[in-house]
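Novice: So you can see what is in the structure, the chains are spelled out below.
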Amino acid sequence: MRSLRFRILLLFVALLVAVQAITLFTIYGSMRQQVANNIANQLDVGRRVFLTQFNSRRQSLAVYSHVMGRDFGLLQTFHDDPKSLLVALNNHRRRVDADLAIAVDEQGLIRADTESPDATGEDFGLFDVSDEARRNAGMFLSVNGKTYQVVAAPLLAPNPIGRVYLGFVVDDALAREFQALTSLQVTFLAATADRGWHVIASTLPDPMRAELAQRYMGSPDTSGQHAEHLGDETWLTLPLLLADEPGTPVLALLQRSRDAALAYYKPWWREVVEVFLAALALALIAAWATASNAMRPVRLLVEQARAIGRGNYAEPIATRQGGELGELVEEFNHMQQAIAERETSIRHHAYHDGLTGLVNRYRLEQLAAERICEAESADRRLGVLIIDLNRFKDINDTLGHQAGDRLLREVGARIAAAVQPDDVVARLGGDEFGVLIDDLAVADIHSRLDALGQAVMRPYTLEGLTLNISIGIGVAIYPDHGHDAEALLQHADIAHFAAKEKHLRYALYDGAQDRYSLLRLSLLGELQAAMERGDLVLHYQPKFELARNEVTAAEALIRWQHPVYGLITPDEFIPMAEHTGNIHVLTAWVIRTALRQTVAWRDQGLAIRVAVNVSAHDLRRAEFVADIRAALADCRATPEMLSIEITESAVMADVEQAVSALDQLNDLGIECAVDDYGTGYSSMAQLRRLPVQELKIDKSFVLNADRNADDELIVHSTIELGHNLRLRVTAEGVETGAALELLRRLGCDYAQGYYISRPLPAESFEQWLQARAWIRGIAGSES
Amino acid sequence: MRWGSCVAMGLAGALCSGAMVGAAAATLSVAVTGVDGDPVHDVVVVAEPRSEERPPLPARAAAPATVDQRGKEFHPWVSAVYAGTSIIFANHDDITHHVYSFSRARQFSFRLQADERRGPLAFPRPGVVVVGCNIHDWMIAYIYVSDSPWFSRTGKDGRARIEDLPAGDWRLTIWHPGVVDAAQYARNLTVTADRVMPVQIRLRKPLTETGPRPPLDNAGYL
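Taken in order, these protein sequences are the chains called R and U.
Reminder that position 39 of the first sequence reads as 39 in our numbering, one-by-one numbering, no gaps.
In short: position in the second sequence from 1, add 783, done, that's our numbering.
Think of the hints as simulated: they come from the structure by calculation, not from any bench.
A quick note: this is a predicted structure, and the numbers were derived from the prediction, not measured.
Heads up, the beta-carbon is just placed ideally off N, CA and C, and yes, glycines get one too.
Cβ-Cβ distance ranges computed for the label pairs, FRET-style:
#, chain 1, residue 1, chain 2, residue 2, range
1, R, L241, U, I878, 45 to 51 Å
2, U, G994, R, R176, 47 to 53 Å
3, R, A193, U, G910, 35 to 41 Å
Okay, chain R solo, but in the shape it has when bound (with noise of 0.2 Å):
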């Protein structure tokens, strides 16, 4: 909980109860100085009422003392008759209230005592009754244990005769009347020859009477007001020397509890706490309130951050507030929009082709998957389509890349018109394009291809020119062909790889196809290391020259014997090297080892022409020709050794620069060969230009030319033909000597065949050489 509003809040919080509690401490500092200042007025009040008190009851004392001092029946008895004296003086005692009367002469011998009547003749001393003494208290005299507040008058007769004293007991009577008075505890203590300062009346209760008591045996403090612990209180106390000698010196002690005093403020101060309390509270709420209305935004902002950062940038947040807050809302607004904006824009880049606006190979995969999670919930198909144009290297080549750009928008253009609305078309790359097709069931394929097909090759008009083009398309079908993206589009590829290999406009997938699929896969990494294990390797079959009976050339064939796939054959992975672009590394790699063993078969006397097979790849190459340069250097062999064999379709497939490689390769000494002749459609015209030197049969013509009359006279013309334009004539597919006879009898030149020998290992091929079998064989046969 470390949240920005939690710290506001505890700010908040913090500098509340910090500010309650100095003004509390504050408060309740003022309010104990209130108390002692109450205290201390009401002390100094209690002293002024106090010494009033005492100086009225001294006065009225002192007053009266004097009319008794001119008492006529007083003076009359003073001298000779103490009984009437006493009952006198008691009678004047009783007029005035008072607790003590006392004459005596001017000796200071008693004549009359009213709380001694005995002490007649006793000493009791002569005070001084001065107006300087006569102030404030007056005098205080111990009397027979007891302490009173006195005063003395002259008894004068007219001339004084001897004094006459008044006084009042001090006891717990009296305390209690000043406390009444003043509010105050009061305690009298008195000091005397035999028992020192001790306690004579008090309001205070008994233990602390005792306490007192205690504390002030010795010199009491007197100096002012102090504070006293008493119990369990503290007392706020004021001295008062009431009197000291003459006479007996007599304390007052002024007392308030402050506890007590504040202890009357308790509820009060409750009050105020709870107040306090209240506040404290209201104000937390109004401080949870504000924080929580403060953050709403910046709580608004999280959210929509962590919204962004799922990527959704839909809802801007709504905000009413003002401020920098309020600025931090639009900016963030203008913010999501940027990176919407921007996102969309990266996501078009990443999901589509620049050069179509169609969707990318990517998109088409996501949206393929899909597709499928929504065919397999509705339980419908889904068409999974590679299309790609024929030929359209040569109308890039011929009208430029600009044509070519314009042909594939166009090409784009007429598929996404051809298919439904929500049908997907997609550039993969190329002159690749990928459609994914709803709802296409296998029965629908025909037509709907058909019009997919007729629309994209309607005749284009591109720089001036009118151009048709033909498609090869692959299809494979959710869910008989797979049943995730991945495996239908690589399944639409071998589909559409096999309708290219058979000239088809369209090629369902087949799952006979399917090793196609896994060899195309891995063909680039594979082809490689078959190379390096010795998994390629080649096969020669014999060439037989008809007229000297003799085996003098062979052609090389590849074979792949794959430790996974078994052998496969050339017709097999050949296409697949062209379509991925490692024909040449093939090529190569054929040339360079058939040399070697033609220059080993050399060494050991035996001079074979080794043809190798190239395609039309090879002869677009421009290193092409300098590659067998080096590869005869290399292998230190001859030209003559080696003849190129190219088939008749892969000249007719570019006819310019076949003649090119041709020639470079002739200028070499290198013999070449028109393979497969009779399948190109080649025209004559065409064939002459060819600077070649051997014309090769195709095997179809040849297979059961010795059995149909059509396919002799095909043989013928051809063999005509070539010897017409001075070539060697060569007949492939030789089964039977019926065949080999009729060759002979046509006059060709050389015969290639199963009749002669299969396809042999190199050192099979050489025992088979070596043994010479075809003089008893084949050449006997003719014999």
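Given the structure of chain R, go ahead and fit chain U onto it with the hints provided.
Specialist: Chain U in isolation, oriented as in the chain R frame:
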């Protein structure tokens, strides 16, 4: 005449006391001054014979003395009388006075209506009789009852004369209500010739009383 010769010896020299007795009588002229040098009145001056053989007493005065009440005052303030003399108290005011004394020498108490008089009252015992009025506290009179017939009282001028003092040894004492420790001023003297003997007495302390003290706030009716 032992005390006579002594007197003679006490005086200027070679006079025989016997020769003087009976023949000579002197007069004491006493002057009393206060600490400030001013004359002090109402000082009672008493001469007492110091010899064993007392001189013959002069005839007692037949006429009584008077202490009047006039204007709410006693007059005189200080009286000196020979023991046995009577005193008449006469009220000359138009109000009642209550004259009393609780002094050991003479005690009395009586009321005097306006213009009433009482007495003569005998004062046989020597001593100081302090007279007051029970109605008017401030009224006070001192009556010095002398054991000796040779006495006098200073007047306004502070002087007193004791006449016809026989030759011999004398002890001179003074008394005054306001003189503190009067005994210190006592002195012995010897009378030898028929002549006036000046005696100068200077008080060493201020008087505690100088005269009657009527109340200051004396309203008309008081």
